[in-house]
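Sequence lines, in order, name chains A and B.
Each residue of the first sequence is one higher than the one before, starting from 16 at the first, in our numbering.
Each residue of the second sequence is one higher than the one before, starting from 575 at the first, in our numbering.
Derived DSS-like pairs (lysine-lysine); straight-line CA-CA distance at most 30 Å:
| hint | chain 1 | residue 1 | chain 2 | residue 2 |
| --- | --- | --- | --- | --- |
| 1 | A | LYS114 | B | LYS674 |
| 2 | A | LYS83 | A | LYS71 |
| 3 | B | LYS674 | A | LYS67 |
| 4 | A | LYS114 | B | LYS631 |
| 5 | B | LYS631 | B | LYS674 |
| 6 | A | LYS114 | A | LYS75 |
| 7 | A | LYS67 | A | LYS92 |
| 8 | B | LYS591 | B | LYS631 |
| 9 | A | LYS71 | B | LYS674 |
| 10 | B | LYS674 | A | LYS75 |
| 11 | A | LYS114 | B | LYS585 |
No wet-lab data here; the hints were simulated from the structure.
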Amino acid sequence: GDSVTQMEGPVTLSEEAFLTINCTYTATGYPSLFWYVQYPGEGLQLLLKATKADDKGSNKGFEATYRKETTSFHLEKGSVQVSDSAVYFCALTRTGFQKLVFGTGTRLLVSP
Amino acid sequence: GAGVSQSPSNKVTEKGKDVELRCDPISGHTALYWYRQSLGQGLEFLIYFQGNSAPDKSGLPSDRFSAERTGGSVSTLTIQRTQQEDSAVYLCASSFPVEKYGYTFGSGTRLTVV
Numbered sequence: 016g017d018s019v020t021q022m023e024g025p026v027t028l029s030e031e032a033f034l035t036i037n038c039t040y041t042a043t044g045y046p047s048l049f050w051y052v053q054y055p056g057e058g059l060q061l062l063l064k065a066t067k068a069d070d071k072g073s074n075k076g077f078e079a080t081y082r083k084e085t086t087s088f089h090l091e092k093g094s095v096q097v098s099d100s101a102v103y104f105c106a107l108t109r110t111g112f113q114k115l116v117f118g119t120g121t122r123l124l125v126s127p
Numbered sequence: 575g576a577g578v579s580q581s582p583s584n585k586v587t588e589k590g591k592d593v594e595l596r597c598d599p600i601s602g603h604t605a606l607y608w609y610r611q612s613l614g615q616g617l618e619f620l621i622y623f624q625g626n627s628a629p630d631k632s633g634l635p636s637d638r639f640s641a642e643r644t645g646g647s648v649s650t651l652t653i654q655r656t657q658q659e660d661s662a663v664y665l666c667a668s669s670f671p672v673e674k675y676g677y678t679f680g681s682g683t684r685l686t687v688v
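One chain only, chain B, in its complex shape (with noise of 0.2 Å):
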């Protein structure tokens, strides 16, 4: 498609339940990117996965966070037993090359637990 398209662009869910969030980056694109932003925050960097390379775990905060990219396009990023904490807007960006063009972001997802 024509940008990065992230599902669902609202999701309101339990605590203690898991929540799948959906990123489908551009086309072409060889990183894709998640970030957390909570409310009147900045951003959080989760997750980065380029090509084939192991993914960059570095900024999940739990080992209740846990994402996919399979056959290196469509990503999913899971939260297992959702804790209030985890209400934000889960952002997704891909780039190539990322030095040149920056990141293209998603509308994100926001995500409640209540």
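Isolated chain A (complex conformation) (with noise of 0.2 Å):
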């Protein structure tokens, strides 16, 4: 079935450090893809999202880019702050699918 795995967290970076969270993806057909945030103790927001092969998803800093020869949508951020420490999930769907399918979450901590 379709499946999305994560890297292990935590991943702990300084203040401007930059930011890769590895994403990788099992499906049949061409799934949208999505990344979502956590901020603690509050519900997931939308991140950013590619719908279709080569799309760059882009928001707040961040970038994602939907690679089908690689099955991956790596989030990607030039400089973190304090911020944006959070939980960021993966996840993707199909057309008829109706379901996000989840990874289980990268936690990122940034320091001053």
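Quick one: dock chain against chain with the hints and give me the complex.
Now the structure itself:
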């Protein structure tokens, strides 16, 4: 079945460091891909998405490119801030499937 | 409303009591989902409603859990005879259509069973 694999956390970085959180997927056809962020004590918020191969999603300085050849959707940010500390979830769905399949989440800790 | 609204935001209950958690989705969203998130854990799918179709209950962990969605809008998740292992954050989400826009989540209800 469909699945999403994320890198284990926590990822610990200093402020202004470069961030990569890896996400790979297994799915038939052409899924849509999403990144969600969950700040402490809050629900999940959609961060960015890509609905077809080679699309790049971007928001708040974060980017991810839908790579069908490597079945990946890695999240990147050039310079992280303390306020980016959160848990990040990668997810996918397929047309007609109606549900998102989530990865296990990756906790990011950014220190000043 | 502008977002998905859940109530209460926090609920403390005694073991063995029944609880009801409410979700008010975004107007016009035909799909509604319930997930559970235990402390420090990922997301556990519970149940999914789509329009007037029969709900997908495949994630409900036991028959103590049930949910309904009235009039295609508000949903209530009921947990009967609560146990300590039911303590978690219960998240509701709505969508339309999911492959284009993903889910919009509510802020969740933190349930503590003492």
